[in-house]
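Trainee: Listed here are the chains, written in short residue letters.
Protein chains: 2
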Amino acid sequence: MKPIARNKIIIVDDHLLFSQSLQLLINSFKEFEVINRFENGKVFITYLQENTDSDVDLILLDVNMPVMDGVETMKWIKENRPFLKVIALSVNDDEEIIIKMIANGAKGYLLKDTSPEIFKEAMSCVIEKGFYFTELVSGMLVKKANDDSKKINLKEKEIVFIRHACSEKTYKEIASEMCLSPKTIDGYRECLFDKLEIKTRIGLVLYAIKHKIVLV
Amino acid sequence: MKPIARNKIIIVDDHLLFSQSLQLLINSFKEFEVINRFENGKVFITYLQENTDSDVDLILLDVNMPVMDGVETMKWIKENRPFLKVIALSVNDDEEIIIKMIANGAKGYLLKDTSPEIFKEAMSCVIEKGFYFTELVSGMLVKKANDDSKKINLKEKEIVFIRHACSEKTYKEIASEMCLSPKTIDGYRECLFDKLEIKTRIGLVLYAIKHKIVLV
DNA sequence: CTAAAAAAGGGTGAATTTACCCTTGTACAC
DNA sequence: GTGTACAAGGGTAAATTCACCCTTTTTTAG
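Taken in sequence, the protein lines are chains A and B.
Residue numbering for the first sequence follows my numbering, starting at 4 and increasing by one per position.
Residue numbering for the second sequence follows my numbering, starting at 4 and increasing by one per position.
Bear in mind the hints are in silico, worked out from the structure with no lab data behind them.
Heads up, none of these hints are tricks.
Each pair may be met inside one copy or between any two copies, as identical chains are not told apart.
No farther apart than 27 angstroms at their CA atoms in a straight line, the calculated lysine-lysine pairs in the DSS-like style are these:
1. K81 - K103
2. K103 - K123
3. K186 - K172
4. K81 - K215
5. K78 - K103
6. K172 - K198
7. K175 - K198
8. K213 - K78
Put together the whole structure using the sequences plus the hints.
Mentor: The following block contains the structure:
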C-alpha cells in the first residue's frame, strides 16, 4: 500500500533553528522527506497559490508564528485546500487553540516535547488513517463538548465595556467614552455580573484577563 | 588556537523533538558535536555531579522546562560550576527571564527563531570570546539598568495583601483573613496606591497581574 | 402586523472604596 | 537616650460601586 517514494512533508515554523533541525530528523527517517520549509503561514499560502499542482503528503504547522499564525493559516487551508493533511505543532497545550486548530481541520496536534518515535508514528498515522490524537487532545475535545452546553456569549458592546472596565476609569467616565448614559453602563455591569456569576468589578477584571478579553 | 577535536556540546531541553533535531543540526557542523542531551535541569545536574571530570565546551540550556527550569538550573551552575559556558535558549523574549539568566551567568541568550548561521556564530563566539549578546538582549540590559534606579520594593505583607485584593473579597474580609484591623488594611492600600501611582483597586489588580504577583 | 426580546435609560438606597488627617507603640540607629 | 521609621489602628466625609425595581424605544421573530 505504501508507495515506494517517500512521503513528502512541508514544515511551516518560524523557529528556524527548530525547523531546520527537524528537517534533518525527518530526512533521517526512510519513509519521509521534507520537500519545503516556510517561516510563517503567509509565505506558505503564497507558495500554495503559486503551486497548485504541488503534491504534498503532510504539513507540519506551527501554531505560534508571527505574520500569520497557525490558526489563521488553518482557516485558510480549510477554505481553500481542505484535502491537505495537517499536523499542528505547538509548545503549549492551550485548550482554546487546540480546539480551534482541530475545528479548522487539523488532523493531529502534537506538543513539541513529543518523542521522535511518537512523532514518527503520528505522521504515519495521519497519512494512512487520516488522524492522530493523543489522550490529551481527545480528553480536551470531550471536555469542550461539555463546556459548550453552558457557553457564555458576550455581545460586542459588552466586550468593549469590559475592556474599559479593566482600567482605573470610573463607570461614569466609561459611559462618556462609550457615548452612553451612565445608567446604560450600569445595566451592562449588572447583566455581566449575573451572566459571569461575579459580584464585583474586580471579578470582571479577573474574568477578562483569564479569558484574554484584555491583554496584560 | 582552535583544537583539532570538535567542541563538545550538551543540550538541555525538554522538547525532545527539538533537542534531538538540534543534535543533528549541530553534528552537521564540523566544529561541534553533541556529546549528551538531557530533558530537564534536574537530570543534567545529576549528570554533572556524577561526572565531575566531564569536559564540555558549551551547554545549550532551554529556559522553559518542567521539573527544573532554566533559571533554577542556571542558579545551580553559578553556585557549583561557574566556569561552565552556557547559552540560554528560549522561545520568548520575556525581559525578566533574560535578566535572570544573564545575572546567573549565562553567556548568551538566543531565541529559537534564530537562524542556524547566527546560532553557529553565537556558539563559536561564546567558546572563543566568552559571550555573545544580540542587540535585543543588550538593549534590555541597558533598559534594566535604568529601571532599577526607580525600583519599587514591596514588603511581604503588602504582597500578601495584593494577592487578596485580586479577588472579589472586600477589604473588610481581607482584613479578617489577614488577622488585621480593616484600618490597617486601609493603610496598606493607601501606601500602595501612592507607591504604585494608581488610584483604584482595579489599578492594583492590573499591576499585580502585569508584575506576576498573582497568576491568572 | 404583533408579540416578545433586547437595548437604553432612570431612581433610590445601601455597601464599598477612596482620601485625608491623626494617635500609639515598637524597633533601630546614632 | 533621642529621634526616625514604620507598623497598626482610628475618625470622618466624599466618591464610587452595587442591588433592585422601573419605563421607553428599538429590533426581531413569527
